[in-house]
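Given these sequences and hints, build the entire structure.
There are 2 protein chains.
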Amino acid sequence: MLPKAILFDTFGTLVDWRGSVSAALAEIGVRHGVAADWLAITDAWRGRYRPSLDAVRRGETPFRLLDDLHRDAILALLPEYGAQALAPVADELIKIWHRLTPWPDSAPGLRRLRTRYVTGPLSNGHVALLVALSRHAGFTWDMVFGSDVSGHFKPDHETYLGACRLLGLAPADVMLAASHNEDLAVARGLGLQTAFIARPMEYGAPGERAKPAAAWTHSVGSVEELAETLEA
Amino acid sequence: MLPKAILFDTFGTLVDWRGSVSAALAEIGVRHGVAADWLAITDAWRGRYRPSLDAVRRGETPFRLLDDLHRDAILALLPEYGAQALAPVADELIKIWHRLTPWPDSAPGLRRLRTRYVTGPLSNGHVALLVALSRHAGFTWDMVFGSDVSGHFKPDHETYLGACRLLGLAPADVMLAASHNEDLAVARGLGLQTAFIARPMEYGAPGERAKPAAAWTHSVGSVEELAETLEA
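Read top to bottom, the protein sequences are chains H and P.
The opening position of the first sequence corresponds to residue 1 in the numbering used here, with each subsequent residue numbered one higher.
The opening position of the second sequence corresponds to residue 1 in the numbering used here, with each subsequent residue numbered one higher.
Hints were generated in silico from the structure; no laboratory data involved.
Do not take every clue at face value.
Intra- or inter-copy, both count: the list cannot distinguish identical chains.
To be verified - Result set (DMTMM-like, lysine to aspartate or glutamate): computed pairs, CA atoms no more than 25 Å apart in a straight line:
(1) LYS4 <-> GLU182
(2) LYS4 <-> ASP67
(3) LYS95 <-> ASP72
Put into structure tokens, the structure is as follows:
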């Protein structure tokens with residue numbers, strides 16, 4: 001049964017956060033005369049992502065925008081990597097996440113899918129970030145499910161179910177498309193359809209994470225292949 | 001100062017609810033062998049709109065989707081207008097509001113404005129209704145501010161301020177465009193910029209309601225004229 005709506009994980013699934021963030025850090029570094037291992041900083045920055053979300057999810061800290069979690073993380077990391085001189089431009093650094101480069105198939109694939117399906121990002125990014133990112137990357141949506149719409153981060157169930165409720169659809173009529181098996185596993189547990197999109201270069205080199213860990217509804221290599229599969 | 005984002009009232013401002021609803025009721029009436037004064041029913045249906053929202057706004061009833069308010073209203077009205085035979089298809093009747101016809105300038109004007117400004121509907125319709133309506137009418141948005149995003153109906157302040165907050169913008173950087181002076185007055189009181197769009201045929205004949213009642217930031221005759229004015 002075809003879905004009526006398709007929700008997309010964003011970081012990693014649609015955009016190349018690792019390549020974009022490291023390149024932007026390098027550019028800002030040059031501008032401020034700071035040299036550092038920008039790829040290592042990028043990986044460490046992303047590494048703090050899940051623990052910072054989990055602290056919110058466990059109720060240890062109130063809900064906060066991803067910008068604020070990103071700011072705390074980068075301010076803690078800069079001295080560790082000899083890049084403390086960038087602390088005064090932390091606002092500029094966190095805005096890097098508002099203009100990540102899409103994988104080449106993302107915008108054309110989303111355009112095709114939207115001709116037939118209701119589409120939206122389901123992301124831990126907030127609405128302002130997703131709006132800026134989508135305009136930068138050329139993504140057009142029917143609705144934007146930022147974390148500040150539900151007040152929750154994935155994999156809290158409220159994010160998936162809240163999006164279904166706002167669309168007026170049963171979970172079985174909604175598909176989550178993501179490059180992360182854990183995200184899909186939670187969505188499947190709640191009754192959504194699932195599409196795994198392999199992004200072997202998300203972490204810089206292909207690994208086990210880039211392979212489907214279960215028999216998802218569909219497993220594809222690009223958003224365009226998903227459009228093909230779903231006859232859009 | 002130009003705004004960064006423009007929010008649009010929907011019913012009346014962008015779409016012709018009166019012409020669309022009465023025509024759709026007539027079509028459904030023919031199909032079910034029911035003759036009635038469809039324009040009178042349409043006006044009475046819309047007439048119950050504000051009181052039903054106000055009951056929610058005063059806290060007399062919990063927040064409900066516009067579909068549900070529409071259902072209660074039409075089921076009460078059908079017998080009054082000799083159209084009780086349509087009660088079994090109430091679901092079909094309320095869905096009329098999901099596919100209203102846009103004014104001819106709405107879609108092209110919105111398209112132009114979105115090239116330069118972040119845009120979104122700010123409506124008492126819910127997300128599912130606005131998504132369906134936008135796809136039907138050819139409107140494309142950066143974000144959809146349905147009433148179920150804030151859990152409030154206009155003119156509750158939370159609707160206007162919640163949209164600004166989700167966009168990460170100060171009210172002064174956001175403009176409300178609407179054909180209703182009352183809506184604009186509340187937005188102005190909260191610090192938003194304002195654009196009056198005259199819709200003389202919204203209620204079937206030009207009247208005082210179709211004239212700007214104050215010196216709004218801009219007063220125009222169409223969405224395309226607004227795009228021209230804002231250099232989009």
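Status of the hints after comparison with the structure:
no. : hint            : in the structure
1   : LYS4 <-> GLU182 : within (23 Å within a copy, 37 Å between copies)
2   : LYS4 <-> ASP67  : between (32 Å within a copy, 20 Å between copies)
3   : LYS95 <-> ASP72 : within (13 Å within a copy, 47 Å between copies)
Violated hints: none; the structure is consistent with every hint.
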